[in-house]
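Undergrad: Generate the whole structure from the sequences, applying the supplied hints.
Listed below are the residues making up each chain.
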Amino acid sequence: MDVLKKVPVREQKPEVRAKNFEEVCLGYDAAEAVSEAERCLNCKNAQCVKGCPVSIDIPGFISEIKSRNFEKAYEILSDSSALPAVCGRVCPQESQCEGKCIRGFKGEPVSIGKLERFTADWARENGIVPKSDQEKNGRKVAVIGSGPAGLTCAGDLAKMGYDVTIFEALHEPGGVLIYGIPEFRLPKQEVVAKEVENVKALGVKIETNVVIGKSTTIDELMEEEGFEAVFIGSGAGLPRFMGIPGEQANGVFSANEFLTRNNLMKAFREEYDTPIMKGKKVAVVGGGNVAMDAARTALRLGAEVHIVYRRSEAELPARVEEVHHAKEEGIIFNLLTNPKEILVDENGWVRGMTCIRMELGEPDESGRRSPVEVAGSEFEIELDTVIMSLGTSPNPLISSTTKGLDTNRRKCIVAEEANGATSKPGVFAGGDAVTGAATVILAMGAGKAAAKGIHEYLSGK
Amino acid sequence: MYPIVKKEKLADKIFLMDVRAPRVAKTCEPGQFVIVKMDEEGERIPLTICDYDREAGTITIVFQTVGASTERMQYLNEGDSFQDFVGPLGCASDLVDMEIDELKKKKIVFIAGGVGTAPVYPQVKWLHEHGVDCDVIMGSRTKDLLFFVEKMEKVATNLYVTTDDGSYGFHGMGTNQLQALVDEGRTYDHCVAIGPMIMMKFVCLLTKKLEIPTVVSMNPIMVDGTGMCGACRLTVGDEVKFACVDGPEFDGHLVDFDQAMKRQQLYKTEEGRAMLKLQEGDTHHGGCGHCGGEE
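Residue numbers (the numbering used here), protein chains in the order written: chain W, 1 to 461; chain U, 1001 to 1295.
Because the hints were derived from the structure by calculation, they are not lab data.
Heads up, a few of these hints could be off.
Derived pair list, reagent style EDC-like, types lysine to aspartate or glutamate, alpha-carbon separation capped at 20 angstroms [what the hints assert, rightly or not]: (1) W/Lys266 - U/Glu1040; (2) W/Lys188 - U/Asp1039; (3) W/Lys266 - U/Glu1041; (4) U/Lys1268 - W/Glu270; (5) U/Lys1262 - W/Glu220; (6) W/Lys266 - W/Glu23; (7) W/Lys188 - U/Glu1040; (8) W/Lys340 - U/Glu1239; (9) U/Lys1262 - W/Glu341; (10) W/Lys188 - U/Glu1239; (11) U/Lys1268 - W/Asp345.
Computed from a predicted model, the values in this text were never measured in an experiment.
TA: Shown next, in the form of structure tokens:
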């Protein structure tokens, strides 16, 4: 065994998985996990922990794996993270914990993500749930949204003894973990539903089908229902479109709609009523993780799929692993390409798209080289489906119905990074509702900070 | 779970249900809608609120069986429950936010077509309860499809019932009735039209000519209903709007109906397939022109 290399992880073969919705990565077994754990140098001044938004004691849990004490490893994980089986699968470890791993200077970093996943999966398979022996203090806190930010905040507050209720607008808890990230990256029943159960096991109540801002308001929760503090983790919101001709044609979808139909409504399964367009030739416009998810979903539904992205491969915002998997499965990347118009047939359906070639110019304020059009390079591609994956803008439902809650120029809720406090006393916020579209783990970090902020606020009251 | 406390068949393929949903009943206003999901496999179906009882905590919905889920929904009975029932969604009718004195000065006419009678009813009832007069034209294809005639009579100042085939009331469509009233010298300065998109389109063409500002309630395809998926987008004037958060009511003279009607067809074949599967089960092997079974 080469100590400079990660223990390889087993995956479904690309040609097989391109036709099913089963999980792509099969994870480590116990023997593989132990030998990967042995690569950890157990650094005294562990850099990996500094790279983790929820500060998991990484050398701590890995040491326990080394000595095959998996239950203890899970306890250490659970101290910091409410969703280890999720994070082990979807965190961008390469730019966080693993990006800082000392092993990575010479050779490959320790596969921290896969070890986290192994530990959480082992605990689930062996029926181990996180414990809370904290006595309840009877003080009520409301959490809006049951995505990564909300679940983390609720779990942490419950561990401190608070009486927490999560209000979820959709019919199933989990937020983006349920409607956004597909089954083949994050199994819903085995992983997400179980992690939600674990949060409930800490005493958290979840009320689905409640749209805050419509069914009731934050002011009513605080004034009439006795909640002393509120955390807003309502997520990103309205999908963006490009504003090009033809965008309202039949066959143009937001990635949110396409993924929601498939993931939340399970349109890919015969026995469910919700329909989905199984295109024959699909273009996904955008280069983020959501674009990869939409593309790989369309592929599994039977389409030829193109990613259309205006910059080059180096600028793709998606995780390297996702891009790699997408390519393996046969997604075609049309890089340095930008749509100009969606072509529509006489019945109002998509028939193609006019695109233009791009080249990279000077770096813009984000530091990325900004793409500029190559004059006269327009060309047409034939398509029947276009999926727009261009990010989202904040949903105004909560900010417009809560007195004294400030938003910024981009209409995101203003909240302090350290403790999630907003302009309204007792109201805290975090995750995409504050930052705009970001990652699961950043939302969890914000939920964690806000739980601490709420505890401090209520302790001083 | 959200129990059904009353069920009634109003007409062929049209059903009424009172559903216990206290949070929705507490805050809803005329013009808003709910999303119902009957069970794990069901679709999320948006339905405009037809009536509400704040004390009993119930919401009245009316639906027509048009797709796989509504087809199954008709077999739910009193005592059964919806797995999910969320709302109120969308914005309340503009009328609700206006000053009562202002409203009393207005000459309002409602035009309801088909199942559109259901969402018109709570608005007319609300105006009646606030002492505001309004005329109502309600129409359907034929007598057997009419419902709520007596209920509407109690709350409308003048009620005009029309049928396309003349089997009841005025022989013709809602637009013909409106034209006839205007020809008689009746004047209106506010129109609310709710019904099938094609009917709302023709009402708007007429009211534009008659210079009567017209509000329509749009019912496009939706998934989440909270502004997340963008399925319900439509063009109003030169802006793209989401019916679920910006609507469902819009200025009818600005709505691009032709586009909206095309978008309505999006899942017709997919839905057709699901319906056939439901009705004919494994025995269906093509011939419908949709499923490809003959290929």
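Undergrad: Check the hint pairing W/Lys266 with W/Glu23 against an upper bound of 20 angstroms on the C-alpha distance.
TA: Holds, at roughly 15 angstroms.
Undergrad: Taking 20 angstroms as the top limit, are the C-alpha atoms of W/Lys266 and U/Glu1041 close enough?
TA: Holds, at roughly 8 angstroms.
Undergrad: Straight-line Cα separation of W/Lys340 and U/Glu1239 no greater than 20 angstroms?
TA: Satisfied, since the Cα-Cα distance of roughly 19 angstroms is no more than 20 angstroms.
Undergrad: Does W/Lys266 pair with U/Glu1040 here, judged by a C-alpha cut-off of 20 angstroms?
TA: OK: W/Lys266 and U/Glu1040 at ~10 angstroms, within 20 angstroms.
Undergrad: Given the hint that U/Lys1262 pairs with W/Glu220, test it: the Cα-Cα distance must not exceed 20 angstroms.
TA: violated, 41 angstroms
Undergrad: Has the given pair, W/Lys188 with U/Glu1239, been kept, meaning a C-alpha gap of at most 20 angstroms?
TA: Status violated; Cα separation ~37 angstroms.
Undergrad: Next pair to validate is U/Lys1268 with W/Asp345; report whether the Cα-Cα distance is within 20 angstroms.
TA: Holds. U/Lys1268 to W/Asp345 sits at ~17 angstroms (cutoff 20 angstroms).
Undergrad: Are the Cα atoms of U/Lys1268 and W/Glu270 separated by 20 angstroms or less?
TA: Measuring from Cα to Cα gives roughly 17 angstroms; hence the hint holds.
Undergrad: Given the proposed pairing of U/Lys1262 with W/Glu341, does the C-alpha separation stay at or below 20 angstroms?
TA: holds, 19 angstroms
Undergrad: Given the hint that W/Lys188 pairs with U/Glu1040, test it: the Cα-Cα distance must not exceed 20 angstroms.
TA: holds, 14 angstroms
Undergrad: Given the hinted pair W/Lys188 and U/Asp1039, is their Cα-Cα distance within 20 angstroms?
TA: holds, 18 angstroms
Consistency note: the structure conflicts with the earlier hints numbered 5, 10.
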